[in-house]
Amino acid sequence: MAAEGTGHHGPMEQFEIKKIVDLDLFGHDISFTNSSLMMVLAFAIVVGYLLYAMRGRSLVPTRIQSTAELTYEYIAGMVKENIGEEGMKFFPWVFTIFIFILVLNIFGLIPGNFAATSHIIVTFALAAMVWLVATFVGFWKHGVGYLRLFAPAGVPLWLMPIIIPIELTSYLIRPISHSVRLFANIMAGHTMLEVFAGFAVLLPWWGKIAPTGFMVAFTGLELLVAFLQAFIFTVLTCIYLNDAVNMHH
Amino acid sequence: MLAGTTMLFAVAAEAAEEAAKSGGLPQLNPHTFETQLFWLVVTFLALFFVMSKIALPRVGEVIEERRDRIKRDLDAAARLKDETDKALADYEKALADARANASGIAKNTREKLATETEAERHRVDEQIAGKLREADTRIAATKSKALSAIGDIATDTTRAVVEKLIGQDVPAEDVKKVLRPVAGS
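Sequence order for the protein chains is H and L. Using my numbering, the letters of the first sequence map in sequence onto residues 1 to 249. Using my numbering, the letters of the second sequence map in sequence onto residues 1001 to 1185.
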């Protein structure tokens, strides 16, 4: 993110994927990049944090154990509230989605780090996975009856020719809206920070105050956005799963 | 919020345009997709595996155990409370019994003492009455003895008086005969 080297430094340069180690797998480029580094670090931090927090497994939790339990109960509550007890089968998966996105979002905010969730391909892959799993669960549980999701009960018959295409389109477009929301929020926030950082660097001393203050405040807001977007992504995952499991509309 | 988001998008779009001049948005460079997808899949699956097999069961176990423990403790507390209530009821019953017992004993004692006192009083009364009767007979006997002695004295006195007067001894029988009407008894 920080401007280094020579040449042009636009606010979009922070999103550049930079190779750290060149790797190749059967002709496919799987180089270890700044994005990969963030993902591996996120994995290590989450695993390390949870295992460290739960090392005592005490009945009366330590402070760090409480935070781990709170996160657990928070996501478990979200799953139960949206899908019901049956949804707890999906709890580890939903939890992984939440904690992974949350840590990647917050990681990206540390100056010099890279925000892996600012890339559409990453968020789209996650959203596509959610969509595929939900669709698979829906057909596996309800068979062809899952198609009734597109013809909600209680809608007059003459409305069906309009309702069905609308419902179908909104269902098919889910992975796009789901992924763009996360990617666009993270990218916009980071661009904004970079633009104002650019002002703070370029302007004379009296001009640096306003953009610097703005950046401080905006970093706080971005911290909120980092959490909120992970939360929204997870809630939507639960809602899509609920459609698949319970077919409530 | 909406206005803020719109502004963000505007800034982002502007920046993207600027970036487009210098070779396009990094996000839209398909050459980086393979490596990103590969590492995403690897790290996500690894995280999912560790979460579902190790980390989350641990957290769940602890929470479950705590819930069980609290439930057990609450149950034990309820059981102890029941026992306490029972002990208290027993104690109160024992207390009431003892109180009833004590008042019974007191009543009995009072009654026994009352009858004893009554009997004693009766006995003393009898005794006094006996003594009174005895005294009465003794007084009566003394009185009659005294009265009969008075007759003899009167006779002797009369014989002496008569002898002095006439110089002749009068037999006691004759004096007694004469004095009987005077004595009146």
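The set of hints was computed from the structure by calculation and includes no laboratory data. Heads up, a few of these hints could be off.
Straight-line alpha carbon distances no greater than 30 Å define the calculated DSSO-like cross-link-like pairs of lysine-lysine that follow [said to hold, decoys possible]:
#  : chain 1 : residue 1 : chain 2 : residue 2
1  : L       : LYS1081   : L       : LYS1071
2  : H       : LYS80     : H       : LYS141
3  : L       : LYS1143   : L       : LYS1131
4  : L       : LYS1176   : L       : LYS1143
5  : L       : LYS1145   : L       : LYS1131
6  : L       : LYS1053   : H       : LYS80
7  : L       : LYS1081   : L       : LYS1053
8  : L       : LYS1112   : L       : LYS1131
9  : L       : LYS1053   : H       : LYS89
10 : L       : LYS1071   : H       : LYS80
11 : H       : LYS141    : H       : LYS89
12 : H       : LYS141    : L       : LYS1081
13 : H       : LYS89     : L       : LYS1071
14 : L       : LYS1145   : L       : LYS1177
15 : L       : LYS1112   : L       : LYS1081
Just a sample of chain L residues kept apart from chain H, beta carbon distances all over 10 Å, derived [said to hold, decoys possible]:
#  : residue
16 : LEU1028
17 : LEU1095
18 : ALA1149
19 : VAL1178
It should be emphasised that the depicted structure is a prediction, and the values quoted were computed from it without experimental measurement. Note that CB positions come from ideal geometry on N, CA and C, so glycine has one too.
Structure-based check of each hint:
1. L:LYS1081 / L:LYS1071: At roughly 15 Å apart (the allowed maximum being 30 Å), LYS1071 of chain L and LYS1081 of chain L satisfy the hint.
2. H:LYS80 / H:LYS141: holds (18 Å)
3. L:LYS1143 / L:LYS1131: Distance ~18 Å between LYS1143 of chain L and LYS1131 of chain L Cα, so the pair holds.
4. L:LYS1176 / L:LYS1143: holds (20 Å)
5. L:LYS1145 / L:LYS1131: Satisfied, since the Cα-Cα distance of roughly 21 Å is no more than 30 Å.
6. L:LYS1053 / H:LYS80: holds (20 Å)
7. L:LYS1081 / L:LYS1053: violated (42 Å)
8. L:LYS1112 / L:LYS1131: holds (28 Å)
9. L:LYS1053 / H:LYS89: Since the Cα atoms of LYS1053 of chain L and LYS89 of chain H sit roughly 13 Å apart, the hinted pair holds (cutoff 30 Å).
10. L:LYS1071 / H:LYS80: Cα-Cα ~22 Å, so holds.
11. H:LYS141 / H:LYS89: Measuring from Cα to Cα gives roughly 14 Å; hence the hint holds.
12. H:LYS141 / L:LYS1081: violated (49 Å)
13. H:LYS89 / L:LYS1071: holds (25 Å)
14. L:LYS1145 / L:LYS1177: holds (20 Å)
15. L:LYS1112 / L:LYS1081: This hinted pair is violated, its Cα atoms lying about 46 Å apart.
16. LEU1028: violated (8 Å)
17. LEU1095: holds (42 Å)
18. ALA1149: holds (120 Å)
19. VAL1178: For VAL1178 of chain L, whose nearest Cβ neighbour in chain H is about 136 Å away, the distance exceeds 10 Å, so it holds.
Checked against the numbered hints given earlier, the structure breaks hints 7, 12, 15, 16 and satisfies all the rest.
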